[in-house]
Each structure stands twice: as structure tokens, then as C-alpha cells.
Amino acid sequence: MAATESERRRPNPRWDQMRRTWYFFRRNTLAMIGLAILIFFVIVALYAPFYPAPGTNLQEYTSSNGSPPGSVTSPFPVICTYQSGELPPAPNCYQTPTGMPSVVPPTVNLKTGTLGPLPFGSLTLTPSGTQLFNTYAGLVKGSDWSLSISVGIVGTGAIIGVVLGVVSGYFGGVVDEAIMRLTDIFLSIPGLLLVIIFLSVFAVNVLSIDLRVAIIVSAFIVIWWPTYARIVRGQVLVTREQRYVEAARASGATSGRIVRKHIIPNSVYPVFVQMSLDVGTIPLAIAAIVFIGFHVFPVNTFPEWGTMTALSVSSTVLQTFIQACQTSAATCVIPWWQFFFPGAALFMFAISVNFFADGLRDALDPRLRR
Amino acid sequence: MRLWIYIVRRLLLVVPVIIGVMTITFLLVSSLPVSERLEAALGTNPKVPYTPQVPCSKLGINQPGECRNPFYYNGLAKLGLNQAPPVQWAIYMANSLTGHWGYVGNGSGLSGQIPIARGQPVITVLGWFLPYTLELAAFALAIIMAVSIPLGNLSAVYRNRPIDQASRVVSFSGFALPPFLLGSFVLFAVVLLVGGHSGISPTCSKVESYFDFYGSWPQIQCFQGGLYPVWLKSGQISSPTGFPTVDAAIHGQWFLSLDTIIRMVLPALVIAYGTIAVLLRFVRNSMLEVLNLDFVRTARAKGVPERTVVKRHAGRNSLNVTITVVGLTFASFIGGFAVIETVFGLNGVGRLFAYAVTLTPVDFGVVFGSTILFTIIVVTANLIVDVLYAVLDPRVRLG
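Protein sequences, first through last, are from chains A and B. Going by our numbering, the letters in the first sequence line up with residues 22 to 391, in that order. Going by our numbering, the letters in the second sequence line up with residues 51 to 449, in that order.
Same shape as in the complex, but just chain B:
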């Protein structure tokens, strides 16, 4: 089979997954009260709550008693809530697929934390927060792969020897530690170690070392005039790429770019430490299998040095299997971002989700929007991995 046919086939498999995920979110949305569905989809109405009847004075009608609430009934008609569930589903799907994911609530909670998000479309706000999460994910993934592949190979070659046991104990302990516990502990330890101002952020008044490691960007006092640069304050609206490090560099603020990267080191290490065990196990097992195969024995028999056998013959072949698992690993650690970003105060999608879900009332527009976004990230990662695998291993395309 040609490669492009494989890619098209693989792309077609994505369609039912996306539709299925949106159906699940639809089922969850449908079990919400009507007023909350309207609020999530259409945004909070500052004056009139979404109830069938409101006091007439609120509508500006000079008349005592309750009146029919036009906002409520218009909303029902817009979302198709006055029609049969399949129609509701179709309208929901159409909205979701065209990026109409609802609006951020006007309530005190989320808008209080992130004032610029007030009343914005969910997809716009997610767009502001997504690049940071992607940067962090890429950083963490790079660490995970750089550590677990060599360590897994080593672990398999020296099976059940001290080096194998040690690497497994260390990696498993990362898996068994709750990430928020490790994260808090690391943050705590680093702050106490540094003591005063660590010198990472530019010197600015009254910045404690805690804020040198907490948050995605330096404290507001560190910027000239005590204000964020315009492109940062307005949610990177004027930013060319959206990626904070790249944008800072483009705007010539090297310190900010560097600072953002340095602030990512601790969270990325914590995420990586928690996930290395998952990948390491697969690398070790696939390496153990490959080491038992005939071609490895042949290589050894014809006198290829052991180092070359491990590196060239076995290592290359076990890597093929490992690549497929990277996608799965990605799915397992991206869910943990909500926790890690909360611990370190990073402005990513995970923290947005954690904010929105703990508000009372819950900001369901953001919650469902970020879930769909996370799913899209996972699906895309798996797609890239599969295509990469097909490019590397022609047998996959045949099957």
C-alpha cells in the first residue's frame, strides 16, 4: 500500500473517535439543567437569568409580576432544546465541529482569576492557553524519551542485575508518587534552598523566591511600569505565534523568553519523573523480546561486538515498538496537566480546566471545551505517531 493511502485510512479512523467523544460530552451536557446548558452555550446574561419566567421589571417592562423570558426561549430555539434529542445532538455536533464551544461565564470565579476571559468564546480563551501547554508537553516528552529509552535498553541488557533493579525502583517510585505531592515538595524545597531572590527573574522590588518558581511569567512588578507587555496582557492577541517563549524572543525580550523556559524546568521534570516508568516498562519488555530473536543470535554468532549488537541490531528494532507507545504515554500524562499546572501556577489549559471545574456554579463551557481540546491533542499525537511508524516500518503499511 502506498503511504498516502495509509495516511488517508488512518485519518478516516479519527472521524468516528471525534464524533464519539463529542457524543459523550453531549450526553453529559444533556444531563445538566436547562439553565446551565444555556449558560454554557450562550454565555451568561448579565441582567436576566435563564429561567422561563422572570420579574417583568428586569426586562424593562413596567408591569408587576412575572413575564415570559425571551432570552430563555430564544436560547432554547437556538440550541434546539425544544426539539427531539437526535435534533439536539445534530445541532450540538454542528456547533462543536465548527468551533462554537460556548462562552466563558460572566460570574465572579473564572473572570475574577482571568479578567480578560470574561464573556469570551471558549475556543478563543483556550487558544490563549494552549501554546503554553504544548510547550510544556513537548519539553516533558523530550525528557521522558531521552531518559527512558537508554535506561530501558540498559535495564533489558542487564536483566535482574543491580542496574536493572535500581532503574526500575527509581522509575516506579516516580510513578507511585502522587504528582502533586512531588510537585509541591519540589517547589517547597527549591524555595527554601534558594531562600531569597534567586536571580532568575529580573531584579524587581519585593519579589520573593516563591514567585521565581511559581507562575508561568515573572511577577507583574518585574515588568516596566508594573505592567505586562501588551501582547502578554491581552492574551497574546498581538503575538505572532502564541507560544510565549517564541513571542518573547520575537519582541526582543530575551529575559522573558529565558525566564519562561526556566520556569518550565521543574514542572517538566515532575511530569517526566511520573511518566518515565510507563515508557521504560515497554522499552525494557520489547528489548527483552528482541534480544531473544534469531537475528540477534546470528549477529552475536558472527562475532559482532556485544555493544554493536545491542545498539544497532536490537536497539533499532525495539525502538519501532516503543514509538507506538509514545502516543499512549502522551494520553496518560496530558490528563495530569490539570494537577501539575495547578501546583506550579502555570497558565495552561489544564489549569483553566481546574479553575472552571471547581467554580460554583461550574463553568461548563470551559470544562467541555477543554476536554474536547485535550482529546484532539491526544488523537493528533496518536495520528502523528502512527504515521511516523508507517514511514519507519513498511510492514505496517502492508497490514
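The shape of chain A in the complex, shown without the other chains:
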């Protein structure tokens, strides 16, 4: 009697398994680093809606800091002068080389140790440099969008994939064959191209930002589910033949109950791994789309990491700087911050997610655990 009592009080075995997974996960240094960076990004994203930027426009930003709003428009004048090697006298004091597209370098007041109004510098939005953009404010504001779009796409794709994969794997037959041929088709088209075509067919003449976002998100979902369907189907085919499923069936459980209680819980772990891998690639894919020439999101009002990165190295911008460097050494100032900060955000996000996913896979799969 006492035994059954303690049996009843034993925590859910799934908790046990989670604790074991966490134990193996914790021992993987890279995975823990990835997790730490991810948590940092999530905190930034949660903070983003409350970020007190008075608009992400550089112009508004400087005017709120006391300098005249017109002072940063092109042609970019030297707001205050100082000798090279000296510290800037004021945090909002910029110097731009003549003959260059106007760019504002990152400002750090080394005397007080505080960040200036543009700690990450500016992002040039037009080749002539008439529109500048506060990189730091954009990155903070954009974390919100980048993370939620990625998670939304991957989450929805995974739900569709899991449902179709379970149906296909559990019931088999004609349904299975049909769904698998469908995944074959989608996996044969390079995904990025399909998304671009979706945009070119449906979004070119759409002006509403919300609608554009909806179109790009649905296009990504369309290309994203087949991978999950494949993975889940493979898992279900194995799980279906297990003894406990047989036992459940023998004891009269309905198909719905077996699927819900036994099949799905025991075959979704690889999907979690694949999901965490994919989350990082979505901002990269958006960046590639923008780079090719689809300005899906207007950066001024809708900062998004991929868009910011793509705009920072658009071919016109790059060629301008290369030409400036080839003309003379004096004009050769590389605005490294333009590429560096948005690129670093994308990079850190993608790589941390990758480390996290790899650690998860190693911890979940006993064959890889050793």
C-alpha cells in the first residue's frame, strides 16, 4: 500500500527526462553559451516596446538632444571641429570626411565613459546619404520584430508539419503517399526563390506594411512546413511500432487518444531541435531577400535586423566606398559600424541558436550522448 502511495506521489516521468536532458545539456559549454546569448536577446526584445527612443529617425533623435534638427541632413557638415587624436568635445559632435556619403561614426564620450546619442553610429539609407538612421535604436527596436517573426514562422510551420507528419506516419496508405509527394515537391524548389516569387507576385503593389508582413510570413510558412512533416513522419513510423502503443491499442484506446497521449509526445523532440535551428536562419533569409532588392520593411518605421544588415552593404553603398578608397587615401574611411553592428546582431542570434540546438540534440539523443 505504501509503495503505491509513493508511486502516486512520484513526479511525472517527463520531468525526470527533462532533468536528465538538462544535466547533459549543462555539460556542453557551447550550448550554454548559446543559451546565455539567446536569453540576452529575449530580454532585449521584451524591453524593446518600452525603449524610450523618440522615434528611430536620426533627425528626431538629435533634435531631442538639443542640436538643431537640420544639422545632420546632407550634405553633411562638420558640426564641431576638433583635431584628430583629440577627444570629441561633446558627445553629439561628429566629423565626416569631405567627399564621402554622410555617415556618423559611433560616439562614445571617453572622458565620462558614457555612450553618446548614437552609440552604434548611423546607417545610411540612401546612397547620397540624405537619410540616416540610428543604428542602436534600430537594433533595440528591431529585436522585437526579428525574434517574433522568426518564432512565429517556425512555430506555425512546425504545427502544420507536425499535424501532417503525424497523419501521414500514423495512418499511412494513400494519405501518406500524397503528403510525402507534396513535401518532395516543396523540398525540390529552393526555398528562398519561392519566397521571393511569392513576394513578386503578391506583394509588389501592396502598400500596407501589415499586409506585406503578412504576405512574407505566409510565404515563409509555405516553404517551412515540409521539413517538419518529414521529420515527424519518420519518428511516428518508429513510435507507432512500440510496445506501449500496442498495449494502448489492445486496451481499447481510440486512435485520437493514442496519437495525443503516446505518438505526439514521443516523436516531437527532433522537431524542437530543427525548430531552434531554423529560428536563426529566418532573419538571414529576410536579409538576403532585401539584399536582392525587395524592400519589404521600411527601416524608418519598421526596423528589422535583416533589413538593416542588407541595406548597410547594398551594392551601391559598397561601390561608393570602394571608389572613395580608390580615389585617395584621405577619403578612404570605411564606415565599419554600418556593417558591423546589424551584422553582429544577426550573426550572434543565428550562431547562438545553432549552438543551443546542437546541444539540445546531443542531450536528447542517447546515441550521440555516449
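Note that these hints are calculated values from the structure, not bench results. Since the model is a prediction, treat every value here as computed from it, not as a measurement. Any given hint could be a false lead.
[What the hints assert, rightly or not] Stretches of chain B that chain A covers, calculated by requiring three or more beta carbons in the stretch to come under 8 Å of a beta carbon on chain A:
id : segment
1  : 61-72
2  : 78-86
3  : 104-112
4  : 234-244
5  : 385-392
6  : 400-414
7  : 421-428
[To be verified] A few chain A residues facing chain B, derived, Cβ under 8 Å:
id : residue
8  : I206
9  : S209
10 : L213
11 : I218
12 : A224
13 : V225
14 : A309
15 : F312
16 : G314
17 : L339
18 : I343
19 : F360
20 : G364
21 : N375
[As the list claims (entries may be wrong)] Listed below are several chain B residues computed to face chain A (Cβ distance under 10 Å; list not exhaustive):
id : residue
22 : N210
23 : F225
24 : N432
Using N, Cα and C, we set each Cβ at its ideal position, and we do this for glycine too.
Using the hints provided, position chain B relative to the given structure of chain A.
For chain B alone, coordinates are given in the frame of chain A:
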């Protein structure tokens, strides 16, 4: 099962995929306005736009007001647009399967960039650009496999040691870097490093080092008389193979052949760096699994040196699994060609696609044509990989 039966069965599986992909493109095409569908399929009419009614003067009829546009209605009849959707689908399929992929637009955009493409059938233009993409893909794939297979094995053998961590950090960082960012950065760095004329292209006037690394071929000034060789200018029409390096060699222009290869090095390295992580992960995992199997333990137990166990016993067996993944890798990186070819200014199908899709109005003939072409490349790659796998591993044929 005999090998040829397996191959036939595998070939039959390709049919629904091709039909399915064309159906998807058909669905997308059907959601376009009629005038754009006509333009993509039949080519731009220089004089008369595709509208039901046009001013009579445009048709050469001396009469005020609007007239019935024969080009529009003939086009409708030709594509079956005046019939039920299933008929439209059947006509679209028939056209697509016989290589009637429409015409390059006459508009300023694409024809401005590539004048010889003006008004040509899409499939012809794609044929000019395809060999370059294939060369680049083969080059990149060779680098990927040469790096990721040994590195993956090493990573598995020294699991969670510094060498494993380092190889994973390096390969993942390639995966996490946006390829256009890396590409632009590499181009920028190399140009700044070289400074002046790098000496790769033949000495010709006013060629900056930027153009030594940008573009598939040397600048026009580098050729005799400032003109491309005829076979290059006319889109390799007179070229025997279509592959730029091979053709240049056949025409005896060794410098051009060499130059083309050198220009491929940077883009191929960038593509490879971005894709190595994908393959490396599979190699590492399959190697880890194989290393735990009984026959490896047996080999170790009977005193086979560790080096031989890893190389002969485990390595060979994990390679089988790796081969199947190469096809998938191919699908994942070929989509990125649009970006890489744009960054480096290479005349491949990807750049053609990127051109066509950013025009206003979009050149849908080229867009859909290149998508179908990319799909065919991926399907063919997967087919080759599967057949190769069946040849190497008899168990596959049995299953």
C-alpha cells in the same frame, strides 16, 4: 532488385515532383493579371500593350476611338485563358514540358542589362547563363566536401575536445553570417589589399582592382579592340560546350580560361563557407553513431590501430550516409546563388533571376523559367546522389 529497376523506379518518382513544381508555378502565374501573363508567355509587343481595347491608331486603323485588340484575344486563345482552369493548366503543362517558358521582356530593365537577351525565348537565355552556374556549383561543392568530410570525422573522433569545439565554431559562424555580408566584405578586403591592378586580368588600360574580382569576365577593355570575342558576346552561340572556361581554352584564350577560374575562387569560397556547417553536422553525427557500433568495437578489440579503425571501418561507413545528404545540401545552397552572383557580379542564372525579379514590372517569364530550371538542377542532383548511393550500398536497392 537489379540496379536498373531501382533507377527506373527512382526516375518515375521524379515525374510527380516536376509536375507538382510546375503546378505551383502555374498557380502563382494564374494569380497574375492577364496582361502580365500574356507578356510573360508571349513576349512584350513593342507597339501594342496587352489590353482588350486599344486606340485604333495603334493598330494602323484610321479611325478615332478604341478598337478590339487582336493581339490580346489571340494571346488568350493561345494560352487557353478563355477556357476553364483545368484546360489552362493542361496547356501550361504542355508548354512548360516542351520548353516553351515564355520570352524575355522587351522593357528597359533586363534588356538594358543584357541587350542580347531582348525578346529571346527564356529557355535560350537560361541556356547561356546555366553553364556558369554549374561550374560555380561544382567548384563550391568540391570545396565543401573536401573540407567538411575530414573535419566532420575529426570532430566526431575528438568529441567535445577543443578541436571539435573549434571546428564547430568556425563552421557554424559561416552558417550564421549572411552570405552577402561575407561576400561584400571579402570583395572589399581583397580590393583594398590589392590596391591597384592585381595582374590577374591581362594589362589593359584603366582597369581598377575592383574589376579584377568583380564580374565573370575581364572588363571589355581587356579584349583586343575593346570587344568581347564573338563567341562570348553573342551569348556563347558559337561556343562548342557553353562552359566559359572550357570554351576559352578551346578557342586558345588561356588567359581568359584561367581568369574565369580565378574569379570563381572567392565566390566559391564564400558559398562553401556558408554551407560547410550543414554537411559537417551530418558527417559528425553519422560518424558518432558508427563509432558506437559493434563492428568498430570488434575492430578495436582485435587490435586494429585506432587510425585504421577511424579511416577504414568507421569512415567508409559513415560516408554512405553523408552522400545522401549532399543532395539536400545542394538544394540548400543553390537558392543562395541569386545573392552570391549578385554580390560578385557573376553572369549566372541566379543573377538573372535577381535582375528579373527586381525589375518594374517584374519579368515573370525569366522568374518562373529560372525557378523551374533551379528545381530541375536540384532534382537531378538528388537523382544522381540516390543512384550513386544505390551503387555503393546494395541494401538500398533491396529496400
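Hints, one by one, checked against the model:
1. 61-72: holds (count 5)
2. 78-86: Satisfied; 3 residues make the cut.
3. 104-112: Per the Cβ count (0), the hint is violated.
4. 234-244: Held - the segment 234-244 of chain B has 6 residues with a Cβ nearer than 8 Å to chain A, which meets the minimum of three.
5. 385-392: Answer holds; 5 residues pass the 8 Å Cβ test.
6. 400-414: Coverage by chain A holds for the segment 400-414 of chain B (7 residues, Cβ < 8 Å).
7. 421-428: holds (count 4)
8. I206: With Cβ-Cβ at 3 Å, under 8 Å, it holds.
9. S209: Because about 5 Å separates A:S209 from the closest Cβ in chain B, which is inside the 8 Å limit, the hint holds.
10. L213: Since the shortest Cβ distance to chain B is 4 Å, the answer is holds.
11. I218: With a closest approach of 6 Å, the A:I218 hint holds.
12. A224: Hint violated; A:A224 Cβ to chain B Cβ min 11 Å, cut 8 Å.
13. V225: holds (7 Å)
14. A309: holds (5 Å)
15. F312: Given a least distance of 5 Å, the restraint on A:F312 holds.
16. G314: Nearest chain B Cβ about 3 Å off; hint holds.
17. L339: Holds: closest Cβ of chain B sits about 5 Å from A:L339, inside 8 Å.
18. I343: holds (5 Å)
19. F360: holds (6 Å)
20. G364: holds (5 Å)
21. N375: The hint holds - A:N375 has a Cβ within 8 Å of chain B, the shortest such distance being about 5 Å.
22. N210: Holds - the Cβ of B:N210 comes within 10 Å of chain A, reaching about 7 Å at its closest.
23. F225: Interface hint status for B:F225: holds (7 Å vs cutoff 10 Å).
24. N432: OK, holds: B:N432 within 10 Å of chain A, min 8 Å.
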